[in-house]
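These protein sequence lines are chains A and B, in that order. The working numbering puts the first residue of the first sequence at 1, with every later residue one more than the last. The working numbering puts the first residue of the second sequence at 1, with every later residue one more than the last.
Hints in this document: simulated from the structure, not taken from any laboratory. These numbers were taken from a predicted model, which means no experiment stands behind them. Careful: at least some of the hints might be erroneous.
[What the hints assert, rightly or not] Derived lysine-lysine pairs resembling BS3-like cross-links, with alpha carbons at most 30 Å apart: (1) K73/A / K25/B; (2) K25/B / K119/A; (3) K119/A / K82/B; (4) K139/A / K171/A; (5) K119/A / K73/A; (6) K52/B / K136/B; (7) K181/A / K171/A; (8) K171/A / K98/B; (9) K10/B / K82/B; (10) K181/A / K94/B; (11) K32/B / K119/A; (12) K263/A / K171/A; (13) K263/A / K119/A; (14) K83/A / K140/A; (15) K10/B / K73/A; (16) K4/A / K209/A; (17) K181/A / K71/B; (18) K171/A / K136/B; (19) K119/A / K136/B; (20) K98/B / K111/B; (21) K119/A / K111/B; (22) K32/B / K73/A.
[To be verified] Here are some of the chain A residues that sit facing chain B, going by a computed Cβ distance under 7 Å: (23) S67; (24) K68; (25) L69; (26) A113; (27) K119; (28) H120; (29) F126; (30) V127; (31) P169; (32) K171.
[What the hints assert, rightly or not] With the Cβ distance kept under 10 Å, some of the chain B side facing chain A (calculated, not the full set): (33) C17; (34) L156; (35) N158; (36) Q163; (37) I166.
Backbone N, C-alpha and C fix where the C-beta goes; we use that ideal spot for every residue, glycine too.
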Amino acid sequence: MSAKVAVFQFPGSNCEYETMESLNSVGLEADIVSWSASESELDSYSAYVLPGGFSFQDRVRAGVVSSKLPLIKHLIRFADEGKPILGICNGCQILAETGLVPNSANSHNIEMALAPNMKHNDFYGFVCDWVYVKIDNPKKNIFTTAFSDNEVIPIQINHGEGNFRFSNPEKIQESTTTQIKYCDESGQVTDDVNPNGAMMNIAGLSNSKGNVLAMMPHPERATFNYQVPRYLNHEAAETKRNAPSISEGPWQKLFLSLANHLKGQH
Amino acid sequence: MQTIKLYIYKKNLDLDCMSASEAIKHFMHKDKLVHLQRFLCWHIQVASELSKEAIIETLTTNTYLLLNPNKEAYFIDELPQKQSSNTSVHVSVKSTLKAEYPELAETLTAKCGLPISRLEKSIEWLCQVAIPDAEKATAYVEQELLNTTSYSQGILVNPIYEQYSIKENSLQHS
């Protein structure tokens with residue numbers, strides 16, 4: 001049986017179809033799966049993606065209502081079984097509220113939050129922009145194995161609550177798990193390029209086992225080269241300027257990493 | 001100098017409150033919660049001889065910065081007491097990242113001519129629970145709805161960037 005990926009559709013999700021297309025682009029079969037799907041239906045998938053959007057209109061706070069759904073109990077089991085789970089933007093916020101990431105003590109207790117965006121100690125509102133990130137320890141998470149250390153990668157962010165906060169920041173700082181960090185074009189991680197006040201410039205991070213990744217930026221919006229703006233100072237933009245027909249974008253590697261992992265299993 | 005608490009509520013449906021209530025009852029199965037209300041509270045410190053009602057009238061008719069009168073209404077200083085056989089627990093939630101709004105206070109001072117020296121914001125939840133004993137009701141709300149430790153425990157307070165207090169004098173039951 002070939003591996004299939006479930007892309008969840010919560011009330012208010014709005015990136016599920018692009019995410020499915022990104023998965024298809026690396027040869028992975030994917031279905032849009034309802035938030036109310038049965039346990040047996042969910043069991044039939046090999047990996048799970050919680051896409052971006054505004055599930056339940058971000059009511060109370062982003063991701064928290066979805067994090068109380070019966071579905072989460074099953075996701076926690078899948079995570080414990082080692083199945084890959086990716087949370088993008090709103091999916092990242094949901095994973096934070098479930099305690100699946102960073103889950104450093106394997107207790108599923110909540111250790112991090114996505115607070116409202118801040119700059120200079122003031123709320124900063126919604127941010128929609130292209131930024132650069134780099135990935136620390138990419139080989140330690142299923143979704144980032146195709147990336148290399150110190151690679152500077154452009155990606156889009158689109159959120160009002162993407163400010164990573166941790167109950168124990170020192171533990172995160174010392175952690176050697178995969179972390180995605182905002183940086184400048186040359187790969188320097190500085191306050192100036194931090195778009196939302198996130199601690200340690202963190203844009204995404206892995207759980208301790210390496211099978212769950214929660215990230216605020218949108219990889220499905222940089223899977224194909226035609227999605228990357230021409231003005232960016234990056235080889236993807238340059239390739240687009242020179243040969244716009246080339247379709248492989250800078251973040252297709254994320255989906256490729258998953259495909260390689262699943263291929264190895266089946 | 002006087003301090004005014006302006007409790008703002010939605011005139012029609014409060015969707016945040018409705019979703020919180022649905023999640024608590026139907027997803028988390030905390031069935032002791034009977035009713036939930038949500039208010040946005042501005043704590044206003046102002047140097048004025050005017051009555052509290054006159055101050056709020058000035059602030060809310062000269063600007064829409066504190067509330068939208070088309071959709072929202074308010075109580076001043078106290079929430080109305082409802083006759084009920086349930087215990088009501090009043091919880092105040094503040095962000096630890098930013099609770100004070102000095103820039104907004106400056107804008108309001110400039111637009112309304114009232115010298116506001118301090119402006120703070122909190123979210124107030126009124127949780128009616130079907131537990132007659134006030135202490136037990138408070139313990140239930142704290143344990144099940146406020147102490148957000150995992151996906152199955154707590155919802156109204158984010159444990160990382162929010163803090164809460166329970167208003168002792170808010171406990172009521174008939």
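Structure-based check of all given hints:
1. K73/A / K25/B: It holds: about 17 Å lies between the C-alpha atoms, which stays within 30 Å.
2. K25/B / K119/A: Measuring from Cα to Cα gives roughly 37 Å; hence the hint is violated.
3. K119/A / K82/B: violated (42 Å)
4. K139/A / K171/A: holds (20 Å)
5. K119/A / K73/A: Measuring from Cα to Cα gives roughly 35 Å; hence the hint is violated.
6. K52/B / K136/B: Measuring from Cα to Cα gives roughly 35 Å; hence the hint is violated.
7. K181/A / K171/A: Answer holds: K181/A to K171/A is near 16 Å, not above 30 Å.
8. K171/A / K98/B: holds (24 Å)
9. K10/B / K82/B: holds (18 Å)
10. K181/A / K94/B: With a Cα-Cα distance of about 29 Å, the restraint between K181/A and K94/B holds, given a limit of 30 Å.
11. K32/B / K119/A: violated (40 Å)
12. K263/A / K171/A: violated (33 Å)
13. K263/A / K119/A: Between K263/A and K119/A the Cα gap is close to 43 Å, so the pair fails against 30 Å, i.e. violated.
14. K83/A / K140/A: Cα-Cα ~15 Å, so holds.
15. K10/B / K73/A: violated (33 Å)
16. K4/A / K209/A: Holds. K4/A to K209/A sits at ~21 Å (cutoff 30 Å).
17. K181/A / K71/B: violated (41 Å)
18. K171/A / K136/B: Judged against 30 Å, a Cα distance of about 36 Å means the pair is violated.
19. K119/A / K136/B: Outside the cut-off at roughly 41 Å; violated.
20. K98/B / K111/B: holds (23 Å)
21. K119/A / K111/B: holds (26 Å)
22. K32/B / K73/A: holds (22 Å)
23. S67: holds (5 Å)
24. K68: Status holds, d = 4 Å.
25. L69: holds (6 Å)
26. A113: holds (4 Å)
27. K119: Since chain B brings no Cβ nearer than about 11 Å to K119/A, farther than 7 Å, the hint is violated.
28. H120: violated (11 Å)
29. F126: With a minimum Cβ separation of about 16 Å from chain B (threshold 7 Å), the hint on F126/A is violated.
30. V127: Not OK, violated: V127/A not within 7 Å of chain B, min 16 Å.
31. P169: violated (10 Å)
32. K171: Check failed: Cβ of K171/A comes no nearer than 13 Å to chain B, outside 7 Å.
33. C17: Because about 8 Å separates C17/B from the closest Cβ in chain A, which is inside the 10 Å limit, the hint holds.
34. L156: holds (7 Å)
35. N158: holds (5 Å)
36. Q163: Violated, because the Cβ-Cβ distance from Q163/B to chain A comes to roughly 13 Å (cut-off 10 Å).
37. I166: Constraint on I166/B not satisfied, violated at 19 Å.
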